[in-house]
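Asks: Just so you know, the protein sequences line up as chains E and C, in that order. Okay, so the first sequence: first residue is 1 according to our numbering, each after it adds one. Okay, so the second sequence: first residue is 1 according to our numbering, each after it adds one.
Where hints are given, some of them may not hold.
Label pairs and their in silico Cβ distance ranges [said to hold, decoys possible]:
(1) E:E77 <-> C:T14: 26 to 32 Å
(2) C:Q242 <-> E:D38: 52 to 58 Å
(3) E:E77 <-> C:D182: 38 to 44 Å
To be clear, the hints were calculated from the coordinates, so they are not data collected in a lab. Where a beta carbon is used, it is the ideal one built from N, C-alpha and C, also for glycine.
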Amino acid sequence: MCLAIPGRVVELAAGQNQVGVVDVAGVRRKVQLGLLADDMPETGDWVLIHVGFAMSKISEAQATEQMHLLSMLGERELAMEEVRGYGQDEHATPTAATVTPAVNSAGISKRATEN
Amino acid sequence: MRYVDEFRDPELITKAAEEIRRLADPARHYRIMEVCGGHTHAIYRFGLKDILPENIDLIHGPGCPVCVLPMGRIDDGLSIAKESNRIFAAFGDMMRVPGAHGSPLEHKARGVDVRIVYSPADALQMARKNPDKEVIFFAIGFETTAPSTALTLMAAKAEDIRNFSVFCNHVTIIPAIRAILDSPDMRLDGFIGPGHVSTVIGCRPYEWIAKTEGKPVVTSGFEPLDLLQSIVMLLRQLESGQAKVENQYKRVVPWEGNRAALQAMAETMELRPYFEWRGLGFISQSALRIREKYSHWDAERRYPVPETRVTDPKSAQCGEVLKGVLKPHQCKLFGKECTPEHPIGALMVSAEGSCAAYYNYEHRKSLVTEIASVA
């Protein structure tokens with residue numbers, strides 16, 4: 001929950017919902033962009049994501065640093081698990097945006113066993 | 001130093017460490033609090049204590065939302081969700097956190113429909129997909145996650161999704177810092193301000209700490225070099241007798257914060273008169289509840305809440321550890337009754353709690369040393 005996950009906006013959805021498809025290390029998921037309403041990202045921009053919501057725009061170099069930091073903290077797998085879990089209820093009807101299958105349909109995560 | 005080869009800039013790390021040694025007055029003892037649980041984790045993981053001179057103590061603050069959540073709130077949330085047509089949706093971090101009557105995972109084993117979500121938006125989507133069920137999202141976190149809950153509430157209202165509600169446990173960091181500063185046994189010299197929380201609230205809310213309390217604050221990034229640079233900035237202020245708010249994490253933290261996020265919080269949430277923090281007790285105006293205009297989506301207004309109170313045993317000295325009076329291992333229960341496997345006090349509950357971090361890195365290390373010396 002407290003992870004800041006870097007990703008690249010690869011697709012913007014039209015309409016009011018302010019959703020985009022973000023690529024995090026090859027995994028593509030829908031991410032909410034509404035918290036960046038004052039400075040909406042464009043396709044190709046990098047963002048930091050918290051609990052499925054993009055919270056800041058960052059540079060590509062910062063995104064690389066952040067991924068490296070997550071690795072150093074031993075949290076990269078948790079972060080990827082979180083990203084794969086975004087939009088899990090939509091996986092019944094896969095779209096181009098959901099390229100990786102849900103890993104958590106059982107509802108129990110490795111993350112929960114961390115402590 | 002364990003992870004030195006992984007650091008991106010070993011030379012800069014060495015320089016920062018030298019600068020810290022030069023700035024630290026050997027006649028003084030420094031107590032610097034890092035407020036955020038993410039910083040606590042990074043400090044242990046990178047072995048930063050081994051780099052710092054002995055007269056600089058890092059005190060681990062209250063910034064782990066899972067740790068400070070009173071146990072009774074978990075019981076209350078689960079008690080609402082127990083009815084047959086309801087779904088209890090929460091982040092994975094919550095699943096093993098014990099309530100007095102068991103954790104969410106144990107409730108799942110007993111047949112309660114407990115599900116992990118990774119985003120509040122997905123809890124709302126669960127409600128859209130299950131119109132015959134009532135989805136209760138167990139919201140938790142500081143200002144880092146509160147805006148996401150806020151936007152989700154706004155979406156629920158805009159679409160009039162009636163089978164969704166939020167059991168709100170969001171807390172705000174500033175009153176917790178105030179409570180720590182107000183306690184008579186407080187001995188802090190300065191603060192490493194949180195990184196991601198500051199992305200939302202900006203740096204202004206810390207100004208009173210510098211102006212009124214005379215303690216410097218530096219908001220910091222999470223890399224080893226970020227944390228060391230923040231300590232350098234704090235020591236420079238302390239050396240020159242200054243107290244101001246500085247932003248080390250400028251690459252992510254805007255001084256004014258994130259306006260859209262703050263607006264979403266203000267639209268949907270208001271301060272509670274008081275809220276209990278595990279380890280710190282009741283703190284006034286320290287948590288958020290859902291505004292009346294969103295009452296339909298407020299689980300606390302929609303369902304009866306038992307208001308379970310569970311007090312930690314008096315022997316657990318979480319409050320003293322939070323205030324920097326005791327080190328984690330100086331608590332009477334540390335590593336004996338209270339371990340990450342069987343947490344008794346707040347700070348052992350999540351991996352980012354200071355006692356759990358201390359246990360996982362320092363305590364286990366010392367046990368290995370003991371065993372090695374016996375052999």
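Asks: Could you run down the list of hints and mark each one as holding or not?
Replies: Right, here's what the structure says about each hint:
At about 30 Å, the CB distance of E:E77 to C:T14 agrees with the hint of 26 to 32 Å. Checking the proposed 52 to 58 Å range against C:Q242 and E:D38 shows it is violated: the Cβ atoms sit about 32 Å from each other. A C-beta distance of roughly 40 Å is found between E:E77 and C:D182, which places it inside the suggested range of 38 to 44 Å.
Violated hint for the displayed structure: number 2, the only one.
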